[in-house]
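Novice: Here are the chains, one letter per residue:
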Amino acid sequence: VVSGEGKKEWTLDFIDRMIHDFRFKEALRTTAILLVAILPVQFVLAIIMALVLQAQLRGNTIFLYIYAIPLGISDLATGLVWVSIFTQRGFLNTFLQQIGVIDAPYIFLSNENKHWMIVAIVLAEIWRATSIVMVIVVSGLQAIPREYLEAGELFGASLWQRLRHIILPLLKPSLQVALILRTILAFQVFAVVVAITGGQVLTVLAYETYRWYDPGDSGFNNPNMAAAYAGFIMLLSLGFALFYLRMVRSQEEAARE
Amino acid sequence: MNNQRVLDAVQRRAIRQRQLRRAGVYALAILIAVWILLPIWLIGTMAFSTRDDVYGYPKQAAPIPFSTDTMQFFIDNTMRAWHSALWRSRAW
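If you're matching them up, the sequences are chains H and B in order. Residue 259 is where the first sequence ends in the numbering used here, and the numbering goes up by one at each step. Residue 536 is where the second sequence ends in the numbering used here, and the numbering goes up by one at each step.
Just so you know, not all the hints are guaranteed correct.
[Unchecked claim] Distance ranges between label pairs, derived from CB positions: (1) H:A57 <-> B:P509: 24 to 32 Å; (2) H:S220 <-> B:F517: 20 to 28 Å; (3) H:S220 <-> B:D496: 45 to 53 Å; (4) H:G200 <-> B:Y501: 19 to 27 Å; (5) H:L14 <-> B:Q516: 50 to 58 Å.
It should be emphasised that the hints constitute simulated quantities derived from the structure, not laboratory data. Positions of the beta carbon are idealized from the N, C-alpha and C atoms, including for glycine.
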């Protein structure tokens, strides 16, 4: 029985049904795990990449182009690339067997190996979406006046000290933008998960939205539930964005006083 | 004279340290580039391998023997769909 059907009135039935759906908690948990596992690594890597680009190496432009390649690759394609690495007859097993770590191909992506699926999704997402953070950080770095860094260097500040006391504080607005963007995108992670897990073993919020909407054989053809999920994702994104904005503003206010 | 020699040594050490650090940054830059390019290389290998090699195990790290069969198959079978998909994806 589909509740609320046919009646033209307000109802919270679908929200209620979503929250009590047996996949809801799992989807929320997996999405949260991915968020926590991906974002910190991504930001550290993006800052390292931006600093490397800032170091004015020879062939700097080439490095910039290479680092930006994942920007142009679709998330489904990325998922498939990483499937070809992690699959039983894939590149990772070939490599591990060649260096003698394993004797026979190990099945990374199976029902019993959910943690390996998480690892594959995390790697794929880090590979795919670190570039966008890097682009934002690079533009933020370029806005930092050279004199500040030179002054720091002149007074004998180590790289870590310059990073901690000059670069990161001045990067804060850029990092905030990147953080909001990446958090929202992390709640929407979909195609990579579909490619790696098939949406059956592990599920995320965006995949549940699609499962409920999907009028095909594997879906439930229920736009109301899909809308409930979509609204929930929007609320989460909104909440996090507000939280980040407030966090930085309250720090600014504290600094002013 | 002695002071000059000490200064030279200090200078040399500073320069060497600088060069070492520079080499480290280059190594890091190349490492990150490899991290980005490796998956693309691997999927490219799959795309240009023979049919047997694509399904075979162990996988090879380079498309040898080189084959355009897979690509040909892809282009032949998707050209029509590709054309209409591109048309539908237009922004106007």
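Novice: Next step is simple, just say for each hint if it's right about the structure.
Specialist: Structure-based check of each hint:
| no. | hint | result |
| --- | --- | --- |
| 1 | H:A57 <-> B:P509: 24 to 32 Å | violated, 41 Å |
| 2 | H:S220 <-> B:F517: 20 to 28 Å | holds, 27 Å |
| 3 | H:S220 <-> B:D496: 45 to 53 Å | violated, 31 Å |
| 4 | H:G200 <-> B:Y501: 19 to 27 Å | holds, 21 Å |
| 5 | H:L14 <-> B:Q516: 50 to 58 Å | holds, 55 Å |
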